[in-house]
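When we follow my numbering, the leftmost residue of the sequence shown carries the number 2, and every step to the right adds one.
FYI, nobody ran anything at the bench for these hints, they're computed from the structure. Among the clues, some could well be false.
[What the hints assert, rightly or not] Each computed PhoX-like pair below joins lysine-lysine, with the alpha-carbon atoms no more than 20 angstroms apart: (1) Lys780 with Lys642; (2) Lys419 with Lys357; (3) Lys193 with Lys142; (4) Lys481 with Lys371; (5) Lys306 with Lys780; (6) Lys850 with Lys771; (7) Lys916 with Lys850; (8) Lys193 with Lys5; (9) Lys642 with Lys699; (10) Lys357 with Lys423.
[As the list claims (entries may be wrong)] Pairwise CB distance ranges, derived in the manner of DEER restraints: (11) Gly574 with Arg604: 17 to 23 angstroms; (12) Phe80 with Asp772: 43 to 49 angstroms; (13) Trp52 with Arg604: 47 to 53 angstroms; (14) Met247 with Pro40: 24 to 30 angstroms; (15) Met247 with His584: 28 to 34 angstroms.
Small disclaimer: the values here were computed from a predicted structure and weren't measured. The beta carbon of each residue, even a glycine, is placed where N, CA and C say it ideally should be.
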Amino acid sequence: MITKWFSVKSSDSLEILESSKETGLSSSEAQSRLERYGPNEISDKQATPGWKIYLEQYKNPLVFILAIGAIVSWVTGHFIDAIAIAVIILINTGISFWQEFKAQKGMEALKDMAAPKAEVFRDSQWISVAAKELVPGDIIKINTGDILPADVRLLEANRLSIDEAALTGESEPVNKTIEAIDDPSVGIGDQKNMGFMTTIVTTGTGLGLVTATGMDTEVGHIADMMNQTEETKSPMQARMDTLAMMLLFVGLGVVALVCGIGLYHGMPWLDILTTGISLSVAAIPEGLPTVVTIVLTMGSTKMVKNNALAKQLSAIETLGSTTVICSDKTGTLTQNQMQVMKAYDVSGRYWNVSGKGFAPKGEFIPDGHKLNVADSPAMIKGLMIATLCNDAEYINAEGNWTVRGNPTEGALIVAAAKAGLKQSELLESSGYKIVKKFPFDSARKMASVIVRDPEGNHFLALKGAPDVVLNKSANFMTDKGYIPLAPTTSEGNLGYDLSASMEIKADFQQAIAQFGSEALRTLAVGFRELSKAELELDYPELEKDINILGIYGIMDPPRPEVRDAVEQCYQAGVRTVMITGDHAATAAAIARDIGIIRSEKDRVVTGAELDQLDDKELQQICPQVAVFARVTPEHKLRIVKAQQENNEVASMTGDGVNDAPALRRADIGVAMGITGTSVAKDSGDLILLDDNFSTIVKAVRQGRQIFDNLRKFIRQALTANVGEVSVILFAFLLMGPDAILPLTPLMILWVNLVSDGLPALALGVEPEEKDLMERKPRKRNQGFFSEGLGHRIVTRGLALGALSYAGFAMALNAGYSAYYAQTVAFLTLIFSQLWHLFDSRTFTTVFRKNPFTNKYLLLAIAVSGGLSLALVYSPFGELVFHTRPLEFGHLMMIVAASGGMTFILSAIKELTKTKLL
Numbered sequence: 002m003i004t005k006w007f008s009v010k011s012s013d014s015l016e017i018l019e020s021s022k023e024t025g026l027s028s029s030e031a032q033s034r035l036e037r038y039g040p041n042e043i044s045d046k047q048a049t050p051g052w053k054i055y056l057e058q059y060k061n062p063l064v065f066i067l068a069i070g071a072i073v074s075w076v077t078g079h080f081i082d083a084i085a086i087a088v089i090i091l092i093n094t095g096i097s098f099w100q101e102f103k104a105q106k107g108m109e110a111l112k113d114m115a116a117p118k119a120e121v122f123r124d125s126q127w128i129s130v131a132a133k134e135l136v137p138g139d140i141i142k143i144n145t146g147d148i149l150p151a152d153v154r155l156l157e158a159n160r161l162s163i164d165e166a167a168l169t170g171e172s173e174p175v176n177k178t179i180e181a182i183d184d185p186s187v188g189i190g191d192q193k194n195m196g197f198m199t200t201i202v203t204t205g206t207g208l209g210l211v212t213a214t215g216m217d218t219e220v221g222h223i224a225d226m227m228n229q230t231e232e233t234k235s236p237m238q239a240r241m242d243t244l245a246m247m248l249l250f251v252g253l254g255v256v257a258l259v260c261g262i263g264l265y266h267g268m269p270w271l272d273i274l275t276t277g278i279s280l281s282v283a284a285i286p287e288g289l290p291t292v293v294t295i296v297l298t299m300g301s302t303k304m305v306k307n308n309a310l311a312k313q314l315s316a317i318e319t320l321g322s323t324t325v326i327c328s329d330k331t332g333t334l335t336q337n338q339m340q341v342m343k344a345y346d347v348s349g350r351y352w353n354v355s356g357k358g359f360a361p362k363g364e365f366i367p368d369g370h371k372l373n374v375a376d377s378p379a380m381i382k383g384l385m386i387a388t389l390c391n392d393a394e395y396i397n398a399e400g401n402w403t404v405r406g407n408p409t410e411g412a413l414i415v416a417a418a419k420a421g422l423k424q425s426e427l428l429e430s431s432g433y434k435i436v437k438k439f440p441f442d443s444a445r446k447m448a449s450v451i452v453r454d455p456e457g458n459h460f461l462a463l464k465g466a467p468d469v470v471l472n473k474s475a476n477f478m479t480d481k482g483y484i485p486l487a488p489t490t491s492e493g494n495l496g497y498d499l500s501a502s503m504e505i506k507a508d509f510q511q512a513i514a515q516f517g518s519e520a521l522r523t524l525a526v527g528f529r530e531l532s533k534a535e536l537e538l539d540y541p542e543l544e545k546d547i548n549i550l551g552i553y554g555i556m557d558p559p560r561p562e563v564r565d566a567v568e569q570c571y572q573a574g575v576r577t578v579m580i581t582g583d584h585a586a587t588a589a590a591i592a593r594d595i596g597i598i599r600s601e602k603d604r605v606v607t608g609a610e611l612d613q614l615d616d617k618e619l620q621q622i623c624p625q626v627a628v629f630a631r632v633t634p635e636h637k638l639r640i641v642k643a644q645q646e647n648n649e650v651a652s653m654t655g656d657g658v659n660d661a662p663a664l665r666r667a668d669i670g671v672a673m674g675i676t677g678t679s680v681a682k683d684s685g686d687l688i689l690l691d692d693n694f695s696t697i698v699k700a701v702r703q704g705r706q707i708f709d710n711l712r713k714f715i716r717q718a719l720t721a722n723v724g725e726v727s728v729i730l731f732a733f734l735l736m737g738p739d740a741i742l743p744l745t746p747l748m749i750l751w752v753n754l755v756s757d758g759l760p761a762l763a764l765g766v767e768p769e770e771k772d773l774m775e776r777k778p779r780k781r782n783q784g785f786f787s788e789g790l791g792h793r794i795v796t797r798g799l800a801l802g803a804l805s806y807a808g809f810a811m812a813l814n815a816g817y818s819a820y821y822a823q824t825v826a827f828l829t830l831i832f833s834q835l836w837h838l839f840d841s842r843t844f845t846t847v848f849r850k851n852p853f854t855n856k857y858l859l860l861a862i863a864v865s866g867g868l869s870l871a872l873v874y875s876p877f878g879e880l881v882f883h884t885r886p887l888e889f890g891h892l893m894m895i896v897a898a899s900g901g902m903t904f905i906l907s908a909i910k911e912l913t914k915t916k917l918l
């Protein structure tokens with residue numbers, strides 16, 4: 002079947018599909034085609050059953066670690082710990098299951114966008130049928146407000162415009178025609194003789210010939226891409242999987258090593274088993290998954306306050322890894338509210354128009370002159386004309402100003418309000434009345450209305466494309482009066498009129514060119530006095546001999562905060578790339594204004610150019626491209642894949658159906674919460690509650706801080722685990738077959754869950770580092786242990802273990818009991834960890850960090866140390882943990898030695914700049 006229907010004449014398309022405007026399809030032929038093409042529905046791949054999704058969560062290595070911890074706790078008789086860990090397993094797998102199960106909802110949202118019914122011409126009569134029964138060759142009615150039920154080639158278009166933003170990214174409704182398009186490479190956004198499934202008719206009526214149904218439609222193509230697009234694991238998930246596997250193998254390796262030593266020395270199996278259990282407990286950071294979840298949850302809560310809602314906790318950290326943000330233009334980088342930015346009157350004066358969005362706050366600021374806008378008759382009359390010749394309505398709902406209707410027309414009403422001309426007052430209290438309307442159509446590129454003024458006289462108010470209005474005009478209305486567009490034959494005035502006319506016309510055309518160079522959408526306004534006899538004429542006879550007044554330059558301006566946000570990204574080493582369905586000139590102008598295009602080397606590439614590149618060529622040019630314009634959903638998906646092939650961590654923002662495949666593929670998909678379709682929201686990982694690009698930058702900052710704090714926690718937790726394992730290994734290696742365990746399994750559990758877990762959790766709220774947004778982004782394959790962190794964990798952990806074993810051995814050699822010596826080792830390890838927390842707070846040294854900036858950490862250290870001392874000096878500790886009260890002198894020596902070790906090692910690091918410490 003022909004796919005490029007836009008290049009086929011409407012009459013030929015009927016012939017190709019063997020249909021007729023006189024009869025339509027017969028019922029029998031429609032049924033036959035329904036069997037051939039299938040129902041007009043969006044289908045998805047077979048959904049994975051819920052039970053299978055849930056069981057898949059148990060393949061996570063972290064779950065293995067938790068399960069081992071639960072088994073060890075049960076074997077050692079710590080049933081409460083075993084139950085608690087089992088509950089953690091159920092919570093973690095439950096959360097993961099729900100997130101993955103919800104991801105399947107995107108296709109259901111896409112189905113919900115389809116129209117339920119359609120008016121179709123069959124057997125020479127109009128009937129209503131279920132949209133799923135439409136077939137290629139059907140002729141359907143198109144009316145204002147309809148959701149198109151299939152892809153159609155337009156046969157009739159009566160002032161028809163269709164909102165295709167969700168499908169193409171085009172910010173304005175598209176005015177439709179029926180003329181064939183010669184260019185075979187034209188993109189979806191420029192196929193003005195086509196209508197597409199799920200798009201919304203904003204104005205006018207028409208007839209459409211169904212050319213594609215179901216999965217053969219453009220929306221079906223997107224659905225197919227969504228089915229085939231694999232969701233990539235976030236860098237956070239990959240790092241956690243790697244960490245979990247490493248911990249699992251290290252733990253098993255250490256246990257195997259000790260068992261081997263025990264067998265070599267001929268130790269009893271019971272002693273070997275007890276030691277193995279102690280080491281497995283020491284090697285497993287039981288609190289790791291819990292703390293990671295808590296830290297991410299706290300980050301999620303903070304991000305919601307900054308208008309960013311994370312659907313998946315792992316997405317929060319991924320933001321901190323982002324190296325390139327592929328951002329949509331409309332509504333994200335811009336305000337999604339059209340605004341008059343500049344104005345020009347035919348006396349040659351320019352004004353810049355201030356303000357934001359649809360709020361009537363702003364003013365006309367003279368540009369190159371000092372005249373107030375109120376003193377320009379042409380500009381004031383032009384604003385009145387623009388307000389009267391306007392189908393938009395200005396609404397104030399509890400102080401929130403909005404426009405109902407075409408946003409471009411709304412921008413004109415707002416501009417008039419800034420000059421003191423209010424739409425409601427003109428049409429109500431001032432006595433102006435609209436008598437007849439001639440709506441805009443794409444053929445003549447203008448709109449006009451007949452207006453009766455308060456004195457009962459009539460005039461035609463007109464607006465349209467400046468070059469078209471210029472061709473329809475007879476005079477320029479200047480401060481000096483009406484200057485004919487062509488020279489008059491009046492005696493004595495020929496030279497003056499010719500010279501003035503040519504100069505004004507040249508200035509007018511220069512204004513058109515200047516506004517166009519700034520990617521402003523231009524509209525010219527004019528009027529014509531009407532006699533009573535002319536009131537019954539149609540627009541072809543009326544829209545001529547116009548008195549031209551001025552031009553307005555309109556655009557969807559950048560959000561005020563976006564420039565700073567883009568600059569922050571640049572300083573942080575994060576590239577911002579604009580990917581939009583809008584025209585290249587408009588996109589490039591915005592990109593230059595906000596700093597995405599920073600030099601002549603930054604390229605602008607269109608969808609048509611992308612079609613000429615293979616995936617390898619696209620991958621090669623991606624680092625140089627700042628703007629991708631006039632792109633399709635398939636282009637967006639290719640761009641994201643190419644960025645990832647370049648080892649970039651790609652974030653993609655979007656709001657439409659067309660963005661869904663790319664949102665799903667990206668490392669982190671960011672959907673718009675206000676303007677976003679449900680399909681986009683279900684496909685994304687993060688939802689912006691304010692649709693603002695600067696919110697992404699805040700989230701990047703938060704993501705980086707979270708990753709920093711996770712690394713700090715992992716450093717502290719694993720340093721403690723290395724210390725626990727090494728103190729037992731030192732005993733085995735140095736004491737031989739008669740080795741006494743320096744720590745019992747119960748003591749190790751206390752260290753992991755109380756004296757280490759609680760303070761380490763406080764590292765999750767550690768204030769951000771000063772250079773947080775000055776660093777380059779992390780590479781995709783950069784793990785938790787980069788930049789020497791793994792070395793520091795091992796060396797500091799061995800130091801903790803050595804110090805604890807030294808205290809244990811000294812107590813035994815001094816004649817104290819094994820229980821007393823174990824208590825020395827126990828408290829030495831605890832206080833060494835508590836002192837080490839101050840060094841874990843920073844990636845520099847303890848001397849460069851104010852110890853009082855994290856009050857939660859100080860509180861946690863106090864609580865942890867207090868509970869540990871209470872355990873040692875209480876009858877409960879002596880009964881259950883077999884601890885013994887230490888002499889006060891010994892306790893002070895332990896506290897001093899533990900602190901001294903941290904400060905000495907930090908001093909060595911400060912002086913040598915080594916990464917080993």
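The hints, checked one at a time:
Among the hinted pairs, Lys780 with Lys642 is consistent with the structure: their alpha-carbon atoms are about 16 angstroms apart, no more than 20 angstroms. A C-alpha spacing of about 11 angstroms is found between Lys419 and Lys357, which places the hinted pair at or below 20 angstroms, so the restraint holds. For the given pair, Lys193 sits about 17 angstroms from Lys142 by alpha-carbon distance, which is consistent with the 20 angstroms threshold. With a CA separation close to 18 angstroms, the supplied pair Lys481 and Lys371 stays within the 20 angstroms bound.
Under the criterion of a C-alpha separation no larger than 20 angstroms, the hint pairing Lys306 with Lys780 is inconsistent with the structure, at around 28 angstroms. Between Lys850 and Lys771, the direct Cα distance comes to roughly 11 angstroms. Compliance with the 20 angstroms bound is thereby established for this hinted pair. Using a Cα cut-off of 20 angstroms, the hinted pair Lys916 and Lys850 holds, with the two alpha carbons roughly 18 angstroms apart. A threshold of 20 angstroms between alpha carbons decides the hint, and for Lys193 with Lys5 the separation of about 13 angstroms falls inside it, so the pair holds.
Annotation: proposed proximity of Lys642 to Lys699 is violated, straight-line Cα distance about 25 angstroms (limit 20 angstroms). A hinted pair counts as satisfied when its Cα atoms are at most 20 angstroms apart, and Lys357 with Lys423 qualifies at roughly 17 angstroms. In this structure the supplied range 17 to 23 angstroms holds for Gly574 paired with Arg604, their Cβ-Cβ distance being about 20 angstroms. For the pair Phe80 and Asp772, the supplied restraint of 43 to 49 angstroms holds, since their beta-carbon distance comes to about 47 angstroms.
Checked against the given bound of 47 to 53 angstroms, the beta carbons of Trp52 and Arg604, roughly 50 angstroms apart, stay inside it. For the hinted restraint 24 to 30 angstroms between Met247 and Pro40, the CB-CB distance of approximately 51 angstroms leaves it violated. Checked against the hint of 28 to 34 angstroms, the pair Met247 and His584 fails, with Cβ atoms roughly 51 angstroms apart.
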